[in-house]
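J.: Just so you know, the sequences run in chain order A and B.
Going from the first sequence to our numbering is simple: count from 1 and add 1321.
Going from the second sequence to our numbering is simple: count from 1 and add 1321.
Worth double-checking, as some hints may not be accurate.
Same chains, same names: a pair is fine if it fits in one copy or spans any two.
In the SDA-like style, the derived pairs of lysine to any residue whose C-alpha atoms are separated by at most 25 Å in a straight line are [unchecked claim]: (1) Lys1365 / Tyr1333; (2) Lys1618 / Met1473; (3) Lys1328 / Leu1606; (4) Lys1504 / Arg1482; (5) Lys1618 / Pro1633; (6) Lys1504 / Ser1530; (7) Lys1328 / Arg1574; (8) Lys1504 / Leu1418; (9) Lys1613 / Phe1428; (10) Lys1618 / His1335; (11) Lys1504 / His1533; (12) Lys1504 / Ala1629; (13) Lys1613 / Asn1378; (14) Lys1613 / Arg1559.
Hints listed in this document are in silico derivations from the structure and should not be mistaken for laboratory results.
Note that the structure is predicted; figures quoted are calculated from it, not measured.
2 protein chains.
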Amino acid sequence: MKLATLKDGSRYGHLVLVASDLSRVVSARSIARTLQEALEQWVKNEPRLRARSDALNADQIDGSIQFTANACAAPLPRAYHWVDGSAFLNHGDLMQLAFASEPIPDFETIPLVYQGGSDDFLGPVDDAPFPSEADGIDFEGEYGVITDDVPMGVSVDQAARFIRLVVQLNDWSLRVHGQREVKTGFGFYQAKPATSFAPIAVTPDELGSSWHEGRVHLPLNVELNDEHFGNPNGSEMRFSFPELISHAARTSRLRAGTIVGSGTVSNVARDAGSACIAERRAIELIDQGSIKTPFMKFGDTVRMRAGAPEGPWPFGEIAQRVVPLDA
Amino acid sequence: MKLATLKDGSRYGHLVLVASDLSRVVSARSIARTLQEALEQWVKNEPRLRARSDALNADQIDGSIQFTANACAAPLPRAYHWVDGSAFLNHGDLMQLAFASEPIPDFETIPLVYQGGSDDFLGPVDDAPFPSEADGIDFEGEYGVITDDVPMGVSVDQAARFIRLVVQLNDWSLRVHGQREVKTGFGFYQAKPATSFAPIAVTPDELGSSWHEGRVHLPLNVELNDEHFGNPNGSEMRFSFPELISHAARTSRLRAGTIVGSGTVSNVARDAGSACIAERRAIELIDQGSIKTPFMKFGDTVRMRAGAPEGPWPFGEIAQRVVPLDA
Chain A
1322 MKLATLKDGS RYGHLVLVAS DLSRVVSARS IARTLQEALE QWVKNEPRLR
1372 ARSDALNADQ IDGSIQFTAN ACAAPLPRAY HWVDGSAFLN HGDLMQLAFA
1422 SEPIPDFETI PLVYQGGSDD FLGPVDDAPF PSEADGIDFE GEYGVITDDV
1472 PMGVSVDQAA RFIRLVVQLN DWSLRVHGQR EVKTGFGFYQ AKPATSFAPI
1522 AVTPDELGSS WHEGRVHLPL NVELNDEHFG NPNGSEMRFS FPELISHAAR
1572 TSRLRAGTIV GSGTVSNVAR DAGSACIAER RAIELIDQGS IKTPFMKFGD
1622 TVRMRAGAPE GPWPFGEIAQ RVVPLDA
Chain B
1322 MKLATLKDGS RYGHLVLVAS DLSRVVSARS IARTLQEALE QWVKNEPRLR
1372 ARSDALNADQ IDGSIQFTAN ACAAPLPRAY HWVDGSAFLN HGDLMQLAFA
1422 SEPIPDFETI PLVYQGGSDD FLGPVDDAPF PSEADGIDFE GEYGVITDDV
1472 PMGVSVDQAA RFIRLVVQLN DWSLRVHGQR EVKTGFGFYQ AKPATSFAPI
1522 AVTPDELGSS WHEGRVHLPL NVELNDEHFG NPNGSEMRFS FPELISHAAR
1572 TSRLRAGTIV GSGTVSNVAR DAGSACIAER RAIELIDQGS IKTPFMKFGD
1622 TVRMRAGAPE GPWPFGEIAQ RVVPLDA
């Protein structure tokens, strides 16, 4: 089952079901007004959503309209909880090797996560406004999951069953702020402006054999200014989503609609490229002795699609342009 | 004007107005179902809420019921954005002096903030469940504000006008996790379980002369197991709430219902005591050479009231007991 949220001029958006081939969408408002509402009573809502989705896919429903990414907000236009991991340890290894930063304690054994801002997500093709090119504007291609209510202290084994949806996202990062904030110990804040999401949230079954061991086994194709930048695969995630959820629920229960991110997708093989500029810069420094790739400028674009380059793309695509705040 | 949210068995709660003397409450649902909804259209809702509040205070309204803290959730039972500062620099100075930690860069000039979890706040007299006494269970008495929509890049001068409500809160902290997490650079996550709030959110005018220069000039009386622990005054906040808001909105706009915290209230004068155990332990180590006060055990209680010891307490009071998760 594929779900999306259409922009409707409100802060909430309009929940829709999306056909498997991304051709059509149909309102799901008769079942739940928003995706947040759908998640808050998932056990009750899921069968009704699936029935309507099946009817849409069988072309047995009235009122469907054409799907366009332009019409979409993030699947959850805002959320009460957004916790992002850094579960591809290759990414961390490269950053540490390149920039000779202090080793992070317990890096290999305890998942590294940060609490993200979640009141104002960007849609898949929304322009991304930033105050200054000097901030080190970077994208981060990631996968994520959305949970049901999760009890405090949940085990890794139990955590998988609280995963309701899988998403794809761009965790915009401002590296200059990040360098300063990481040194305070208090973590990222100004370094992490509004995160963007691909238009479609899918139930795990929708990914077929690409979803197993709590990971998305799909390449994430990233293009910077319409040129290939990388296509690392989600399979190399060291900590699985159930492991991240169990870590996140160690001292708090998580409430329905919690989004848990993987961190930048990253592979050991150099020919996979990267899903963020900072990692490519680290590789350039390690392999070639100097940094060649600049961070983004106003007018630059980034595109991210999971799956085969020619499709299908189960989450749709992210295609954004960086713009100055005043524009 | 005083607002609160009554528990009603849902995730949302029921918005009420509270009489100035905290004697009675009356539903505000005819104006807005929840405080979040009220904030999202504050300019439209505020005059109607004030008219109903005035009628309540003049005893000219039907359907009011007695106020009890037991019936209250946090004013916002959950929020889309919770950013907590560490704006009482005396607290940071003491921690650094006692534990010889690395100096935090730009500590005196750039506000230190962390992004908090916001999907599951505790009410003022809710038990606080934790998995282990070994985690270093501690309270942190703070003030906070709730904002309207704030544009990205707002100046300090402009920020004050986006403050809609003032709150009092207990930012529960697990110090053992905090010590580990601060070293990762990614900031607090397991160290910051669900935050608790005093029952009443007030408009700034309700605080009279105690609200000026963007600070709450009131002592915060803290009792641990019914014994005086401290009564530091909010006046020594180095960065004001407008300064914290301007910092928070540097690279993102803030959406209505954003909660901005002061960090642990802390005063230079030793006889003010402390609003968290960690600070008292730091003072013990500095002044007496050894730590005497343990962190909290299951069954311990904490009480926090802003204002004169005998009242009135504009935010009501926080009175919580620490309990094991399994209970």
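J.: Among all the numbered hints in the text so far, which are the ones the structure does not match?
T.: 3, 4, 5, 6, 9, 10, 11, 12, 13 and 14
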